[in-house]
Amino acid sequence: MSANADTHDAHDDHHHKETFVTKYIFSQDHKMIAKQYLITGTIMGVIGVIMSLMMRMQIAWPEEPNVIFEALLGKWAPDGVMDADIYLALVTIHGTIMVFFVLTAGLSGTFSNLLIPLQIGARDMASGFLNMVSYWLFFISSIIMVSSFFVEAGPAAAGWTIYPPLSALPLAQGGSGMGMTLWLVSMAIFIASSLLGSLNYVVTVINLRTKGMSMTRLPLTIWAFFVTAIIGIVSFPVLLSAALLLIMDRSFGTSFFLSDIFIQGEVLHYQGGSPVLFEHLFWFLGHPEVYIVILPAMGLVSEIMATNSRKPIFGYRAMITSILAIAFLSTIVWGHHMFISGMNPFLGSVFTFTTLLIAIPSAVKAFNWITTIWKGNIQMNPAMLFSIGFVSTFITGGLTGIILGDSALDINVHDTYFVIAHFHLVMGISALYGMFAGIYHWYPKMFGRMLNKKLGYIHFWITAICAYGVFFPMHFIGMAGLPRRYYTNSNFPLFDDLADTNQIITIFALIGGAIQLIYLWNFFYSIFYGKPAVQNPWRSTTLEWTAPVKHIHGNWEGDLPHVHRWSYDYSKPGHDEDFVMQNVPLKEGEEELQH
Amino acid sequence: MTALLSILVLVFILVAIWQMVKIFDLTQSDSDLNNQVANDKDNKINGYLMLGFLAFIYIITIWSFVALGEFPLMSNSASEHGPGVDSLMIISMIVIFIVQTITQFLLHYFAFKYRGEKGKKALFYADNNKLEAIWTIIPVIVLAVLIIQGLFTWTSIMNVNEDNDPLIVELYAQQFNWKARYGGGDNTLGKANVRLIDINRNNTLGVDEADPNAQDDVITTELHLPVGRPVLFKMRSQDVLHSAYMPHFRAQMNCVPGMITQFGFTPSVTTVDMRETPEMKEKVQNINKIRVKKSKALMANNEEALEPYTFDYLLLCNKICGKSHYNMQMKIIVETQEEYDAWIKTQKAFKNSLINN
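Chains A and B, in that order, are what the protein sequence lines are.
Heads up: the first sequence runs through residues 1 to 595, numbered per this note's numbering.
Heads up: the second sequence runs through residues 1 to 357, numbered per this note's numbering.
Next up, chain B with everything else stripped away, as it sits in the complex (with noise of 0.2 angstroms):
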């Protein structure tokens, strides 16, 4: 209903809008019969409008800081690698900010202060070496330093270190949902191929059954971490391309059949400390306060009230996948090495897990 009336609105202000033109030009006199070109009038009305939108453009700047500022994951990053990567983002966002706010004042600046006017006269001004010398110079000193420090952000991140014994994790995606394979006692994955998922044997991410490593692998559907042990995934996907995404661990990689992609990281804070962050607890307040108006409008209707909310680490879903692509979510629970110890025990392992008929 809303989208109707938003949009019966519209025309009307267009409807407006364009009767006022008409009568604007049925007052206006026709004898200049090139009266759609500009004259000195269009001009400092648009020059002034410059000068406007260069404040509109501060204005939405300024207002989106302040109002979505909490928004973006540039702090409270979950993982060792996190911290660098916020960093980088910050340098890269001043950046940014600078060049944005100069560049945008003398463009729309010199659009109004250089407005037209009848009988004045532009300055002849082809070509300076020096200027363009300068402004080819300072963008290669300025990229030099932020690809100099992305790429050593991103060999850290990427080159995984196998000799700290991570823990190694097999991430398995299929439409539309998320499962976690451990190594078990051995912290080895058994081999596995989609050829040899056998649905009848509850073998349902083709594991192979004769490998001595699999027979202790653990399958769950939660995603349980140690906190300060090195992980690395193994990604697989069953069907189509999927993609790993761990916003708060900064983590993300493509799940691509036919093939094993990696990731590893270092989780740095359980669940429940990050819960107790003044920044996670103001977050969850407002989205609860969030959550209490719609659920009185919805038990308005007679429908269930939602079910408050509380922080857990997510798995989602990145990449295009499907009809059911926006709910592929998996929880991700990072706790201390004994909460993680006790859990993992408490988990079936494969070949317990089979059904033999």
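This is chain A alone, in the form it adopts within the complex (with noise of 0.2 angstroms):
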């Protein structure tokens, strides 16, 4: 920030010899450790993504043996007929990974890593040693999480909400025992490095802004990464500490969450915990999770729509404002995944009230981004049509949160099919939209080189089509009451008549699955063989697009730019080009905006 640091920097630059290892493993260069996790978080998203169609082709197909099973699944598909307890895990790994590794570190880390340094005009994170550490926790839990697969009695198998007693007692489930210490540890740690990281960011967006760079010229990026780093320091670590104890009641014999067992024929001894306390904790982290994962995607998001739309966003204040209210929300709502464990039902009606509050904010967001394209000049690059995609399935999701916040509703579509539909729709997709939206617009920043726009539009068109064939109908078979995370309906002839659509719903699974294979090619091939980028390709406003293409430590030759005005002066009047960047200086006579 001072004048100091930055001649210290750029002092440092000619000085510095990297090797191999400290450029490209232990590197502790903000831009560098965004394509690690980047990259890191492609793969886990792979596999993931893998899980889940194998889980699809299972409910399409239940009784037909399937040469990709037998494959991919070895000894828990013998014949190529998957087992049961395989397919619980494939429910539990495939969310925790989506949600964790690919939405929070893979969509977060990547994006607050890359954007908060140069976005706010600083040299580097505040800590870039501490960074480096957080990425390569990451990594390890990685490693540990998917390893899992690997070991005798399968991995964790008890749903990604690990609930107790099931993911407990290994004599309850093969994959509570070592699959699940692995799941444990893993996420341990995996807590852990999301903590470091968030506090980075804290500190980075608080202390390390350039000159004139005032909290309200801030991008609504850096907003959103600022945020959700505060909503996970504050709610990451009550997910360590249940983890924790959980660790204590199934190796040391305490009972947090235990009591009143009997299983296999004999009594356990634990006494006087509840399972419910466990879910308290769990989901005083689920809940606000589903904001880490969201709010980073909108601040993507809001950037690219007015850069493409070359308007203003609309309602800057109110956007920064619903961001704050969402994230104060998130902490206070998350007994609505509890309705029906058995908590007071009085608890129900608060969590009620507090859950369809959200809805407001979430409700300005939508109509604010609409406004935004009103009347715009819009710019249909790859990165646009994800981030309209991403309003679209936001409200098309959003829109079902409304019958599932609503405690007596409820109570019929609690665990269904409909669940799956709306958070996949409101969380996943949309998340994952904001994720590609980011990528395609910073990949220039990230890699010099530009995708291709031709498979990014089919990619778009394709991946949006089956997103909607696969969830749109799910609502209906939630509806008619199909339970979630069934091996297989074929025990409820009552459910005979929902087997066509699963099946279709499965196609249009596989064929959105296999597009992303388009979408991969261009991003690995890109890498080394793309067209070479231009240092502001989208006319962009914001300050990364000042710093030159080549990477270099310390983001800008000389001194850091200087900010004179907001980020968002699309189409100004009183200016011949339709962008006017940052670190321009008011012309004479020329107001700044009082947003």
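Rather than coming from a laboratory, the hints here were simulated on the basis of the structure.
Hints are not guaranteed to be accurate.
To be verified - Not everything, but these chain A residues come out facing chain B in the computed CB check (under 10 angstroms):
{"#": "1", "residue": "263"}
{"#": "2", "residue": "279"}
{"#": "3", "residue": "280"}
{"#": "4", "residue": "346"}
{"#": "5", "residue": "412"}
{"#": "6", "residue": "458"}
{"#": "7", "residue": "489"}
{"#": "8", "residue": "500"}
{"#": "9", "residue": "514"}
{"#": "10", "residue": "527"}
{"#": "11", "residue": "528"}
Glycine included, every Cβ here is placed at the ideal spot set by N, Cα and C.
Make the complex out of the two chains shown on their own, each in a separate frame, by following the hints.
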């Protein structure tokens, strides 16, 4: 921030000899760490998606042997017929990987690291070392999570919510032995990683903004990352404590979550604990977690929509206020996952009230995005398409939240496919769209090359159709009362008429999954052979586009840019170009918008 | 096999798309260094595709309602509180439908209408407090209505009134089956705890043998309920979390080891009457058509044919509970008071079901 720091860092540049190891592996440069997060997250994403496709094939064709199961699952799919235990393991690890490893670390980790220093005008994160440690802890936790597939009794299989006693007792389920131990260890390390990252983001945003970059001139991306990091710091430790208590119950004979259990012919010694306590602790993280996932996507989308509409984001202050409101409300709504858990029904009333309140800031955001593109000059870059797709699925998925958040209605759709449809649209697909939008938009910043736009268009349109094809009909089979996490529905003739719909869903899922190969090809091919990028390909206003294309340690040659205006001066009257960068001083007589 | 074939087809489609793109690329001049940014042609094509996508959303919505519209449990409820839940559900669905239709239209239509063109300038429009106040207040009002009706419905379902002498039934969950325990002649359940389970004496629910209230308890593997009489379920689990889900009655509650949870409702339609409703008849007919088709395929493979389906109310487990979670069910039979009385008489009392060594 100070002039001292500037010269010191610039000085550093010339004397630092980088080896392969310090540049590509144990790098402390935020841009490299962002790429490491992205590529690790992508690999985890591929694993998570393959798991979901196997689950979908199992649901659609439950009796049929499948060579893919045989090849990928080995002993858990004798003659190609999937075992019921491994189905639950797929459910569990798919959820865990997608929520934490892809949409938390892969999304927030990538873009917070890349954009916070570049957009606020800092040379790097406040602590490059902690940042490096954060990534490597994430890497280790990913390895442990995936390795749980190779233990004797299989990986954790109690659902990603790992409710005890199922997750606590190896007698209840094979996966609750070594597999669950690995899950807990992996998550403990993951939480440490996430906390180091979040603390770093918060400190960096507060302390390292360049001259002139007041909080109300920050791009909404930074606001989103900043608030996300705060939610993470508040809620992740609670999950860590829940995990530690569960480890104690499992290994040291305590009874925090267990009481009065008779299993496999014996009474266990546990007395006085309650699984409901675990549910409270879990969802105190678990619900804010969905905002940890969606807020960064919202930030990215806000930025991309403004840039590509060539218009300021509509209602900048309202956008910030709604981010803060969502963040606050997110910590007092966790009980809506527990309406029928056996907690006092009065609490159900309270949580219904707070939950439905969240619809208000969400609605404000949706309308503000729509108004942002109104009378714009919309540049249909792939990033923009994914951003529009984001708003579309966020609305479709978000609206069914008013059914699930209403305790009286939740009774009958709780834990059915209706829930799956709801949260996959509103946080799964939406956050993925946000992530894709961010990747298409900032790829030139990350790799100095462009992604192929035609492949981008094909990727978007087929993905968009498949996403609706998968999740729209799913609401209906959920409302028919079909419970989630069933290995097969063939034991219920009642659900026989849903089988055709399930097959249609699976076909959409397979096409949607396969089309991601085009994206992967585009991504990895373009790293080496993409068209070289110019400095500011999307004609954007924010500071990262004033930095040179080629990555240098410290981000800018010479002095840091100074900021003179907010980040949304698109198509401002009185200027020839339809964008004015943040480091351009105000013209004589020009007024900065009172935003 | 179907799965393998569909995957092969997919791979070929992907290869074809990739090749087409390559050809497309080769035919274009490479002069513009920065040609990976959208130009007017891209804006136009994608603008029209946005309109097309709007149509797609509407079509899949209509298709879902037409083709899948009979699936949702929004009519035909079999409990007295059911219609209240259903009407709230329908109101919510209407609200959702209206908002969804309008907002998706605005989003995609604007994306089409304001697609970029060279030389056009966007409107510098950063703020409008009045507009923002409008779309804060409208959701507030709509949500207030939904919240108020929701809370009334919820409270009336969950506040069990014990004055009107409900039938007390314990639902007992274990991996992977359900049992029901009736209070017997005194309609009072004997005390129970899993520590009292004695498999050798066939005391599988851990009922206190010394409790006088327990002697006439009746333990069954089928749940019979008299129509029109309030039932209060007391739920227990002996091992892990389970959830007692009775979709036709709009009822669900978790079974938690170490505590007793409860849920009450009044069944309003007997099993026999439900089977005779036109909707149910159509549904069962449809399911049986599917089963006959499946049976033919099975018989061709020298396997047993499926039995024809007759409708029954079901209790399902709806909380992941282990390997056979997907097959943890119990039949529920709602019948007249006389039928119920006759049935319960044929069941063994707890004290007579014990094995004395």
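Interface hint for residue 489(A), Cβ within 10 angstroms of any Cβ on chain B:
Where the cut-off is 10 angstroms and the nearest Cβ of chain B is about 7 angstroms from residue 489(A), the hint holds.
Tell me if residue 263(A) is really an interface residue toward chain B, meaning its C-beta lies closer than 10 angstroms to one of theirs.
holds (5 angstroms)
Measuring from the C-beta of residue 279(A) to each C-beta in chain B, is the shortest one below 10 angstroms?
holds (9 angstroms)
With a cut-off of 10 angstroms, does the beta carbon of residue 514(A) approach a beta carbon of chain B closely enough for the hint to hold?
With Cβ-Cβ at 4 angstroms, under 10 angstroms, it holds.
Residue 527(A) was flagged as interface toward chain B. Is the shortest Cβ-Cβ separation under 10 angstroms?
With Cβ-Cβ at 14 angstroms, over 10 angstroms, it is violated.
Under the criterion of a CB-CB separation shorter than 10 angstroms, is residue 500(A) in contact with chain B as hinted?
Since the shortest Cβ distance to chain B is 8 angstroms, the answer is holds.
Against chain B, run the beta carbon of residue 412(A) and see if the smallest gap drops under 10 angstroms.
holds (5 angstroms)
Report holds or violated for the interface hint on residue 280(A), using the least CB-CB distance to chain B and a cut-off of 10 angstroms.
It is violated, given that the least Cβ distance between residue 280(A) and chain B is near 13 angstroms, above 10 angstroms.
Mind checking the CB of residue 458(A) against every CB in chain B and telling me if the closest is under 10 angstroms?
holds (6 angstroms)
Min Cβ distance, residue 346(A) to chain B: is it shorter than 10 angstroms?
holds (9 angstroms)
So, residue 528(A) near chain B? Judge it on the closest CB pair being under 10 angstroms.
violated (15 angstroms)
Checked against the numbered hints listed earlier, the structure breaks hints 3, 10, 11; every other hint is satisfied.
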